[in-house]
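Given the structure of chain C, go ahead and fit chain H onto it with the hints provided.
Sequence order for the protein chains is C and H.
Quick note: the first sequence uses my numbering, first residue 999, plus one each step.
Quick note: the second sequence uses my numbering, first residue 312, plus one each step.
Think of the hints as simulated: they come from the structure by calculation, not from any bench.
In this text, a Cβ means the ideal position worked out from N, Cα and C, and glycines have one as well.
Treat the hints with care, since some could be wrong.
[As the list claims (entries may be wrong)] Some residues of chain C that are not near chain H, with every Cβ distance over 10 angstroms (derived):
no.: 1; residue: Ser1001
no.: 2; residue: Asn1068
no.: 3; residue: Ser1127
no.: 4; residue: Glu1129
no.: 5; residue: Asn1150
no.: 6; residue: Tyr1182
no.: 7; residue: His1211
no.: 8; residue: Ala1213
no.: 9; residue: Ser1221
no.: 10; residue: Arg1302
no.: 11; residue: Leu1306
[As the list claims (entries may be wrong)] Beta-carbon label-pair distances, calculated as ranges:
no.: 12; chain 1: H; residue 1: Ser350; chain 2: C; residue 2: Tyr1218; range: 50 to 58 angstroms
no.: 13; chain 1: H; residue 1: Glu765; chain 2: C; residue 2: Pro1238; range: 39 to 47 angstroms
no.: 14; chain 1: H; residue 1: Pro505; chain 2: C; residue 2: Leu1049; range: 56 to 64 angstroms
no.: 15; chain 1: H; residue 1: Ala607; chain 2: C; residue 2: Leu1114; range: 33 to 41 angstroms
no.: 16; chain 1: C; residue 1: Ala1059; chain 2: H; residue 2: Pro435; range: 44 to 52 angstroms
no.: 17; chain 1: C; residue 1: Pro1238; chain 2: H; residue 2: Arg444; range: 58 to 66 angstroms
no.: 18; chain 1: C; residue 1: Asn1257; chain 2: H; residue 2: Met500; range: 32 to 40 angstroms
no.: 19; chain 1: C; residue 1: Ala1118; chain 2: H; residue 2: Ala607; range: 41 to 49 angstroms
no.: 20; chain 1: C; residue 1: Ala1118; chain 2: H; residue 2: Gln345; range: 22 to 30 angstroms
no.: 21; chain 1: C; residue 1: Asp1130; chain 2: H; residue 2: Gln354; range: 26 to 34 angstroms
[What the hints assert, rightly or not] Part of the chain H face toward chain C, derived, beta carbon under 8 angstroms:
no.: 22; residue: Leu358
no.: 23; residue: Arg361
no.: 24; residue: Gln538
no.: 25; residue: Ser541
no.: 26; residue: Ala542
no.: 27; residue: Glu556
no.: 28; residue: Leu557
no.: 29; residue: Asp562
no.: 30; residue: Asp568
no.: 31; residue: Met572
no.: 32; residue: Arg573
no.: 33; residue: Thr574
no.: 34; residue: Thr575
no.: 35; residue: Glu576
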Amino acid sequence: MLSRTADNLYWLARYMERADFLARVIKASRRLASLPKAYGGAESEWEGVLLSSGSVQAFHAAGRPLNEANVIEFLAFSPENPSSIRNCIGQARANARAVRTALTVEMWEAINDGYLEMQAIEQARAARSGEDLTRFLDFVKRVSLTYDGGANRTMLRNDAYWFSRVGLFIERADNTARLLDVKYQLLLPEKEVIGGSLDYFQWAAILRAVSAHTAYQWVYRESLKPWLVADLLILRPEMPRSLISCYESVVRYLDRLANTHGRQGPAQSHARAVYGKLENMSVEALFQGGLHEFVGAFISDNARLGALVSDQYLF
Amino acid sequence: MEFSRVQFDEMKGTGGLTRPPYQKLSNWLAETPQDFLSSRRAQAELLFRRIGITFAVYGSKEATERLIPFDLLPRILSRTEWSVLEKGLVQRVRALNLFLADLYGPGEILKADVVPSELVYRNPAYRPEMAGRRTPHDVYVQIAGIDIVRTDDENFYVLEDNARTPSGVSYMLENREVMMRLFPDLFAMHQVAPIENYPDRLLATLRSVAPRNANHDPTIVLLTPGQYNSAFYEHSFLADKLGVELVEGRDLFVRDDVVYMRTTEGPRRVDVIYRRIDDDFLDPLVFRPDSALGVAGLMGAYYAGNVTLANAVGAGVADDKATYTYIPDAIRFYLGEEPILKNVPTWRCREKEALSYVLGHLDELVVKEVNGSGGYGMLVGPHATRAQIEEFEKKLTERPDNFIAQPTLALSTCPISVAQGLAPRHVDLRPFVLQGAKDICVVPGGLTRVAMTEKSLVVNSSQGGGTKDTWVVDDAPG
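If we strip away everything but chain C, and leave its shape as in the complex, we get (with noise of 0.2 angstroms):
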């Protein structure tokens, strides 16, 4: 396939994901702040917000005051901030106007519908309310759904669907990441109070953000442990929003476009030696070698796969 065609479905994929992302942070986040202070409501709540999201500098560079309206403004709707939820539907669509001959209709309509919904929902800012934002929140969800599952459903098993699987499980491992390396001191063992505790809402939040709240339980069947929260978001195989789950994804979606092009490269030996890392590690060496550390690197060793795909495939 061109060249042009596989980066652009690769990063069609990579915005539709951040968007899906910043709607369920922003909506956990807003019922964590909801909290009282004893609680751990909290207005610093939201720059641990940006910096998930990636945004924190440009955030300051916009020069508002920090407080949940504007945070949320600029998450959600802002022009300036490139990584918006606006922007990344608008840059999801841009793409996927431009290799529409790449996609099913299913995949387009989900894309064009959501932009075309979008600018209405932009007309009629001025009357924001908060009830609005959540429609609005579940409104992107719903859009990324649909696209996923136009995309699951109907894409023929090639290189474009593989190429945007690639794209799709490096942004999820990112934003994974991310969430996890701004709460990495909630989740230290010592942490743990007996009999509840102020951070259970914090350690709640995060699940919700990655809309594994349910499933924590299902996995554990015992109450909140920090350190569980993160063994499911990085070392858990079932939890498919954790790292190790993501990259065997990649790995696997590598692999076929190996198998295709007839020549495993340098993308590929690295998604395996980063896989390779997370399968052998336990929630005890975690904690051991630094949570903060760990996560650190991951970021960088995701980041660096980004780049050795672009290389070998996307010119």
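Same frame as chain C, now just chain H:
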């Protein structure tokens, strides 16, 4: 030359009696409540927007993506009417191809003084680079769009030939799809000749003109200027229907006179380029050096016979408005046949007598710049202000060879559906003719363009024109 001033409506004729091809539609309309059409109109708009059938308007800030207005009522031609048109179109496009092969080859028609040499050689669309070279299979115009107008029951005229990169075929195809979704009953009633095989025929045409040294399964691509081009939707639509890669200039490169595209598996050889980029932008080494849309070295590969460009470089010299007036002569010259389709009578302002006639009758004529397109650079005498007429007087006197003039024809109308019911609007027709290495074909119908504004004669989509589905139906028995 006398033209009837009586308005001919394709549904109602001149006397108000419904013409036979429209009989069933007319009965159906009489029984159909206005609400039903309104709801279908809203549905059609939604469908077009969802599919993303939009076009970009240059220089229009608020709407970079706009829908082309679509009218629900089909434009209907009888099989008999179509047969004549079809023969005439095939004849004309064959002649256009022979004409181009001659102009860039032996130049017989110039030697025989049928067409004046300076008209060709001084024409900006003439490409001296192509002189003395042959194109694969000697085809120049693989895809032609011939604009046809009608003045009465009998007479169709060719208004313009489009031999460069004619657009609009995606609207022809999508209009039909939308109509079939909205009005299944009407189709059940009518036996409309299908057009859905157009992409198939186009693919066969493009394959047939591959260079002789290409392998038996040639690689075909569609070259687009990119997603900001006004016809980008059409480019992506066609590439998808053809099952070929939609490429931009940056996706292609040339090595040792062979064209390749950049793929994730490395370079892949390209044999046929259905290009939707103008000559000027194809190759910065030969044409405009500032072109970022083209491919450096493309012309070298073309000269070497390693790639086919559809349509050929330099084909524009045959569809120029000044050349247009000689096409009937070219048909007689190459085919020894009388032209089946007439030209609109045209005064060539380069000729002295014609010029003085035109200057004396500016208020009744349509004056066109020979290289203008899209309805720009045109004077419609009867609707012009004094100042506009004076402006054209000046232009004509300064550069008479830059202009032609035509009578204002009483163009036929077709009813469109408006809030109050039906209203007549002027229409034209652009059928698409495909010329392969051996075969030539036209799918039945074409794109009907309609001037949505009352009394307007301008059907161009860039100026608010709309479209209709075009039906060829069997003649009523008896």
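Against which earlier hints does the structure fall short, listed by number upward? 1, 13, 18, 22, 25, 26 and 30
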